[in-house]
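Engineer: Residues per chain, in single letters:
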Amino acid sequence: MSEPGHWFEREPLWFKTAVFYEIHLRGFYDGNDDGSGDFRGLTDKLDYLQEIGIDCLWLLPSYPSPLRDGGYDIADFFAIHPDYGTIDDFKFFIDQAHQRGLRVISDLVMNHTSSDHPWFQASRAEPDGPYGDWYVWGDDDQRWSEARIIFIDTEPSNWTWDPVRGQYYWHRFFSHQPDLNYDNPEVQEQMLNVLRFWLDLGLDGFRLDAVPYLFERDGTNGENLPETHAFLKRVRAEVDARYQDRVLLAEANQWPGDVVQYFGDGDECHMAFHFPVMPRMFMGVRREDALPIIEILEQTPPIPDSAQWGLFLRNHDELTLEMVTDEERDYLYEEYAKDPRMKLNLGIRRRLAPLLDNGRAEIELMHAMLFSLPGSPVLYYGDEIGMGDNVFLGDRDGVRTPMQWTGDRNGGFSRADFAQLYLPPLMDPVYGYQAVNVEAQLRQPNSLLRWLRRLIALRKQHPVFGLGTYEALRPDNPRIFAHVRTYEDDIVLCVHNLARSAQAVELDLSRYEGLIPVEMFGQTPFPRIGELTYLLTLGPRGFFWFQLKKEGSV
Amino acid sequence: MSERELIEFVTAQRWFASKLRDVTHASVVDRAMLRDADPSLELQLVEIRFDTGTHETYQLLTNGGLDALSDPRQVRELVHMIRSGVKLPADEGIVEFGPVEGIAAVGQELREARAIDTEQSNTSIVFDEELILKVFRRLEPGINPELELLRFLTERGFENIAQLAGWYAYSGRPMDTTLGILQRFIPGGEDGWEFALDAMHSDTERFMGTLRRLGEVTGRMHSVLGSEPDDPNFAPEAPSSESLGLLTATIDDEIESVFLELPDGNDDVAPIRGRGEEVRERLRLWTQVGDIGRVIRHHGDFHLGQTLWCDDDWVILDFEGEPARALPERRRKRSPLRDVAGMLRSFAYAATASGILRGSEPPDGWEARARHEFLEGYRETVDHVLVPSGSAMDKLLAVFELEKSVYELRYELNNRPDWVKIPVAGIVRMLDEEVVF
Numbered sequence: 001m002s003e004p005g006h007w008f009e010r011e012p013l014w015f016k017t018a019v020f021y022e023i024h025l026r027g028f029y030d031g032n033d034d035g036s037g038d039f040r041g042l043t044d045k046l047d048y049l050q051e052i053g054i055d056c057l058w059l060l061p062s063y064p065s066p067l068r069d070g071g072y073d074i075a076d077f078f079a080i081h082p083d084y085g086t087i088d089d090f091k092f093f094i095d096q097a098h099q100r101g102l103r104v105i106s107d108l109v110m111n112h113t114s115s116d117h118p119w120f121q122a123s124r125a126e127p128d129g130p131y132g133d134w135y136v137w138g139d140d141d142q143r144w145s146e147a148r149i150i151f152i153d154t155e156p157s158n159w160t161w162d163p164v165r166g167q168y169y170w171h172r173f174f175s176h177q178p179d180l181n182y183d184n185p186e187v188q189e190q191m192l193n194v195l196r197f198w199l200d201l202g203l204d205g206f207r208l209d210a211v212p213y214l215f216e217r218d219g220t221n222g223e224n225l226p227e228t229h230a231f232l233k234r235v236r237a238e239v240d241a242r243y244q245d246r247v248l249l250a251e252a253n254q255w256p257g258d259v260v261q262y263f264g265d266g267d268e269c270h271m272a273f274h275f276p277v278m279p280r281m282f283m284g285v286r287r288e289d290a291l292p293i294i295e296i297l298e299q300t301p302p303i304p305d306s307a308q309w310g311l312f313l314r315n316h317d318e319l320t321l322e323m324v325t326d327e328e329r330d331y332l333y334e335e336y337a338k339d340p341r342m343k344l345n346l347g348i349r350r351r352l353a354p355l356l357d358n359g360r361a362e363i364e365l366m367h368a369m370l371f372s373l374p375g376s377p378v379l380y381y382g383d384e385i386g387m388g389d390n391v392f393l394g395d396r397d398g399v400r401t402p403m404q405w406t407g408d409r410n411g412g413f414s415r416a417d418f419a420q421l422y423l424p425p426l427m428d429p430v431y432g433y434q435a436v437n438v439e440a441q442l443r444q445p446n447s448l449l450r451w452l453r454r455l456i457a458l459r460k461q462h463p464v465f466g467l468g469t470y471e472a473l474r475p476d477n478p479r480i481f482a483h484v485r486t487y488e489d490d491i492v493l494c495v496h497n498l499a500r501s502a503q504a505v506e507l508d509l510s511r512y513e514g515l516i517p518v519e520m521f522g523q524t525p526f527p528r529i530g531e532l533t534y535l536l537t538l539g540p541r542g543f544f545w546f547q548l549k550k551e552g553s554v
Numbered sequence: 001m002s003e004r005e006l007i008e009f010v011t012a013q014r015w016f017a018s019k020l021r022d023v024t025h026a027s028v029v030d031r032a033m034l035r036d037a038d039p040s041l042e043l044q045l046v047e048i049r050f051d052t053g054t055h056e057t058y059q060l061l062t063n064g065g066l067d068a069l070s071d072p073r074q075v076r077e078l079v080h081m082i083r084s085g086v087k088l089p090a091d092e093g094i095v096e097f098g099p100v101e102g103i104a105a106v107g108q109e110l111r112e113a114r115a116i117d118t119e120q121s122n123t124s125i126v127f128d129e130e131l132i133l134k135v136f137r138r139l140e141p142g143i144n145p146e147l148e149l150l151r152f153l154t155e156r157g158f159e160n161i162a163q164l165a166g167w168y169a170y171s172g173r174p175m176d177t178t179l180g181i182l183q184r185f186i187p188g189g190e191d192g193w194e195f196a197l198d199a200m201h202s203d204t205e206r207f208m209g210t211l212r213r214l215g216e217v218t219g220r221m222h223s224v225l226g227s228e229p230d231d232p233n234f235a236p237e238a239p240s241s242e243s244l245g246l247l248t249a250t251i252d253d254e255i256e257s258v259f260l261e262l263p264d265g266n267d268d269v270a271p272i273r274g275r276g277e278e279v280r281e282r283l284r285l286w287t288q289v290g291d292i293g294r295v296i297r298h299h300g301d302f303h304l305g306q307t308l309w310c311d312d313d314w315v316i317l318d319f320e321g322e323p324a325r326a327l328p329e330r331r332r333k334r335s336p337l338r339d340v341a342g343m344l345r346s347f348a349y350a351a352t353a354s355g356i357l358r359g360s361e362p363p364d365g366w367e368a369r370a371r372h373e374f375l376e377g378y379r380e381t382v383d384h385v386l387v388p389s390g391s392a393m394d395k396l397l398a399v400f401e402l403e404k405s406v407y408e409l410r411y412e413l414n415n416r417p418d419w420v421k422i423p424v425a426g427i428v429r430m431l432d433e434e435v436v437f
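As you go down the protein sequences, you meet chains A and B in turn. Be aware that the first sequence starts at 1, since it is given in our numbering, and climbs by one per residue. Be aware that the second sequence starts at 1, since it is given in our numbering, and climbs by one per residue.
Bound conformation, chain B alone:
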């Protein structure tokens, strides 16, 4: 591919993260031939440079210059290599494949392969409804938190995940980075987000009846993630004197910058335009909180779309963290309530989305009930040392809900303009709420 073609190809992909920026250059910074025989498979690390001189790096898998992932069957080779644990040379480094004993061998033959079409920032391929391979697209130096967390939870027997089956990684001149992970695929599961919307009217009680369990699973996940005091990467920590200040500052700056960048002439953002200061005032009120519990590794991007309802239980997926945040930030320990707030925001999202996507408003009190059920289950199971109690918990949850909705707003503005009205509605609602202490 010429540089121009490479730019055109990468920038046109859904997983390309920086659609609003001006790309000036693209180059392959390393490549590895993973399979020589036809159909060939080549790994490329592509550096995309922007007009200001900064850059991002992406993973491409090609077959004679074409995108190999457009035909998912070609990617079987990656699973074979993970199973055999090979190491292959790249021009400037090595590609290493690693199996997890006992799980990688699932579904020996690999007959059927299909791509998951809802992926935003990566590419996922399902083999025989038994294994799923996630190819990370945007690459950053360091271990991907998804590999780290899945391995940790798998080793500790946490059952409500899709077990880790293997991974592949690159280390070489440009960086050391996780390229992809292989997990057990959970067939027949019902995506939590779709479940919520489908059941909104027809089957409200069935969905509501599962949310206490979702809270329990979440609480247990946090308890397990905060259970290893001797592993520095996971040991729960008492927050430092400035951690709440840092949190406030970070969210406050995000509010300021997203309000600064609200596009003119977009009617969907009209309800919040000019109200940035009000939002910041709310933040200042909510961050007047003493105890914040412990900071731990957590899911990082927790919402209904990251859950599956399957065999009468919940499975938690996708431990990558929010794709727009840098890797060190996604690996940072923070209050587990950040995940809880993510799920609460997701209920609000579903309630609003029901009107936007399905043309029907949610039943009265739907969201309040969902929150109540979920929080009940969570409070019962989570290790109480990890979270503050009473009104401190409510306030901290409100802070994280605000953080999440500001993140959503930026994400939707950049990726799904039709959805902008959802976080806008969420922010308006928070502003209209009474502040109760």
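So here's chain A without its partners, still in its complex pose:
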């Protein structure tokens, strides 16, 4: 059993106070000059990631794949895509990351494989062979019609005819991604082997892609079925029995009431993404109204103490609008996707900075809210410097362009010829690498990157953000999102102004009478909390975080 714990304090709940960083390996750094990012390149950038305060990297799939879906179409679960390097490169990378106190989780797609996978090829060629029952086959395409189609822009049905086998196969995503048949115990066992293989190499856990869809049952929509939860509990038990301090992060793009099922009683996934909170933060900022955020958090059921939400502003997919009402979706499209090219499926394929019109105050405000909410923040590579997107690239490639390291050729991403790059780097005057890059922002004390680094450092001094209770304040001014987090002796008050204009707010802090709010960035003591409501004024899109301290300790 390989133990990554050598460089860490043993802490089963490490993920609750961690800052995650999502990396598109192909786009991060090219270590062998072939135009495509790889593990050697990523290893070279570990100091950077450590220095900006990241605790855990989340890697998009790096398995062999025909790359028809960014690697989520896996053709071999036990190897590394040759573009990215070798298993040895991967092991060296993991060791170097651990030595720097960085953990690593990787995407794992359990629901389906690429149609190129040898299992599928065997399954279609030999229906009675050893793999004949590894996928979900049917004689007609009418069964399970209650199941929705997820990629509505490209897929007319969840069934596709296979001329080789002469049957339809089931797929919840692209037609080149046949669903594995989890009713076959061999499939379950093999998937556990996949998990063990990577955990034995030192990986700290998985982001489990598309977990709600593992099983299919008549008369259901095929999502969140009891059988799926039972299998995930088996995965968790296996991980807990053999490994220490690993994490399973579920991607279940569902309503909070359904997602909490993925935590079980603390015996299923350690973490799950909270999808619905993110569109409501964008809505809140656009409408200057805290209510959508407060409401979605109110509708979020409590979770086990050992579990944690994963929170994010943007990721490698489109900004998904599945978990909003039709009316809200129309509003968000109207406000954030004025160009129809920006829409994809039920979402908006744009990066954070362009979504917020590159407004620095808005970007800071969104990060402040993200970091203050109960959960662990997940940053998306490039958003820490305010990278832009390229809507002219197909599918989700527009938000997966090369990381912009310097103002030099290819943005410092690769020494290969421009024509060899997997995607062109951004070169426009606002978001291009000459205007937006790591090197320049490190040297500018007031850059977004430097600000975010300070925010991360501050958050890490206060485990309350990851571990504390959350209590919304409901001031009369609806433009103010204010809440209190409490953990052990640490009480933190977070007040955010969603409005474009300066605002005053009176907060009922009577429960904290006698305490002194100390502003956390500058350590400035504010007036003592008295019997009356506490008056604060905030600049446009401004925010304050206060530690509430006893009088003698300020």
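Everything labelled a hint here was simulated from the structure, so no lab data went into it. Note that this is a predicted model, so its numbers are computed, not measured. For every residue, glycine included, the Cβ atom is placed at its ideal position computed from N, Cα and C. One or more of the hints may lead you astray.
Said to hold, decoys possible - One side only, chain A facing chain B, incomplete, derived with CB under 8 angstroms: (1) F8; (2) D34; (3) Q50; (4) Q99; (5) W405; (6) T406; (7) R443; (8) P445; (9) H462; (10) P463; (11) R479; (12) E488; (13) S553.
What the hints assert, rightly or not - Keeping only pairs whose Cα atoms sit at most 20 angstroms apart, straight-line, the calculated DMTMM-like set for lysine to aspartate or glutamate is: (14) K550(A) x D51(B); (15) K45(A) x D83(A); (16) K460(A) x E256(B).
As the list claims (entries may be wrong) - A short list of chain B residues far from chain A (calculated; beta carbon distances all over 12 angstroms): (17) G64; (18) D117; (19) P141.
Based on these hints, arrange chain B on the given structure of chain A.
Structural biologist: Chain B alone, transformed into the frame defined by chain A:
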């Protein structure tokens, strides 16, 4: 010990690192009985929790509830165990002792034992003036860089160190960590810092005459540390495109935060109060440098107090790195000029300290001469691939000197308020200097 007593005991120790923070809890997270018979010796890993919920872990050695290290003779047992290479169970892990062949057996009998009273962050005990045991107090997961570097330098025959004789380490549920190291003790050596101050007036030439050699030893140490391209932990690396930016950002943030935290009403910091922006402006000027050489493992906390003048040569001590920095940071490869700057700052420290501690200002040009002698020796011996040349070297040295003085300022504010005026003077002097390119 009750929790209250444990908190009181730990927080009162000189080696307790976080004196300015509020401790709320203390608990023993693992323990191992190292010796049952009287006098007994128990190892405890003590977790100290702060009001914000963060924590630090410390090593205690106790004898029936009392601090065993208060009587250094009780610690002989640790040396015996290192020599025999035993493994002992703890409640949640194991304690492993390891000897270095041929050196651990030095001074067989262990008769006399005395504590070193100048230790700040650890506890060191000398046995028969032949071996010295350093007990690490604040524990962090991972191998201690001192063990790593001493082993590397010992294996490569670098002579200007006190050879590694053994170590002991813990691995278990809370963490894997180095607990202590045993080294050959170098008797009769003259501490470099004391030597500088003692000789400041009476024997200036004798001290100056040794500094070229100190530069040579430093240069050779760096050449050896950067000589192993196949060992990933030591292989010299070309700095990445953002490494100078990271350096700038890190120092700049440290300047900002230390200036933010300057205590009101402290007259000693008055000369720099409100001048943080000026300091940051200097940093921006100096970091406009192209070539920065290579990044390598290095000493990490290099100053006169880490050297001994002995038998007409210098010995380099204490490879732990700066105690206030986290272990992954202390293990990071950086330019070897960081060590050089540390020593240059130390000359400045000595020059100022002479006035403060001994009531006598240094002779005219003392510091400039010391710098010159040391740098001459360094430039002659260091592998030139490792360091930039010409004005790039001067600027990078200035950057690291600034980093060091900001670190000193924070350290003195937290630990030795009477000494705050030394880094303050250093910063003022840097600000008053002409910027030359």
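Engineer: Compare the structure with each hint and give your call.
Structural biologist: For each hint, the structure was consulted:
A cut of 8 angstroms between beta carbons decides the hint on F8(A): the least distance to chain B is about 5 angstroms, and the hint holds. Hint on D34(A) is violated. Least Cβ distance to chain B is approximately 18 angstroms, over the 8 angstroms limit. With its C-beta approaching chain B no nearer than about 7 angstroms, Q50(A) sits inside the 8 angstroms limit, and its interface hint holds. The restraint placing Q99(A) at the interface with chain B holds, with a minimum CB-CB distance near 7 angstroms, inside the 8 angstroms limit.
Interface hint status for W405(A): upheld, as the beta-carbon distance to the closest one in chain B is roughly 5 angstroms, under 8 angstroms. A cut of 8 angstroms between beta carbons decides the hint on T406(A): the least distance to chain B is about 5 angstroms, and the hint holds. With a cut of 8 angstroms, the hint placing R443(A) at the interface with chain B holds, because the nearest CB-to-CB distance is about 5 angstroms. Here the hint on P445(A) is kept, as its CB sits about 6 angstroms from the closest CB of chain B, short of 8 angstroms.
For H462(A), the interface hint holds, since its Cβ comes within 8 angstroms of a Cβ in chain B; the closest pair sits about 5 angstroms apart. Given hint, P463(A) at the interface with chain B, holds; its Cβ is 4 angstroms from that chain's nearest Cβ, closer than 8 angstroms. Violation of the interface hint for R479(A) is found here, the shortest Cβ-Cβ separation to chain B being roughly 30 angstroms, above the 8 angstroms cut-off. Taking 8 angstroms as the C-beta contact cut-off toward chain B, the hint placing E488(A) at the interface holds, the least distance being around 5 angstroms.
Annotation: S553(A) was flagged as interfacial toward chain B, and the flag holds, the nearest CB pair being 7 angstroms apart, inside 8 angstroms. A hinted pair counts as satisfied when its Cα atoms are at most 20 angstroms apart, and K550(A) with D51(B) qualifies at roughly 12 angstroms. The suggested pairing of K45(A) with D83(A) holds, with an alpha-carbon distance near 18 angstroms, which does not exceed 20 angstroms. Distance hint between K460(A) and E256(B) is fulfilled; the C-alpha atoms sit about 18 angstroms from each other, no more than 20 angstroms.
In this structure G64(B) is separated from chain A by more than 12 angstroms, as the shortest Cβ-Cβ distance comes to about 29 angstroms. Taking the minimum C-beta to C-beta distance to chain A, about 31 angstroms, the non-interface status of D117(B) holds against the 12 angstroms cut. A beta-carbon of chain A is positioned within 12 angstroms of the beta-carbon of P141(B); the least distance is around 5 angstroms.
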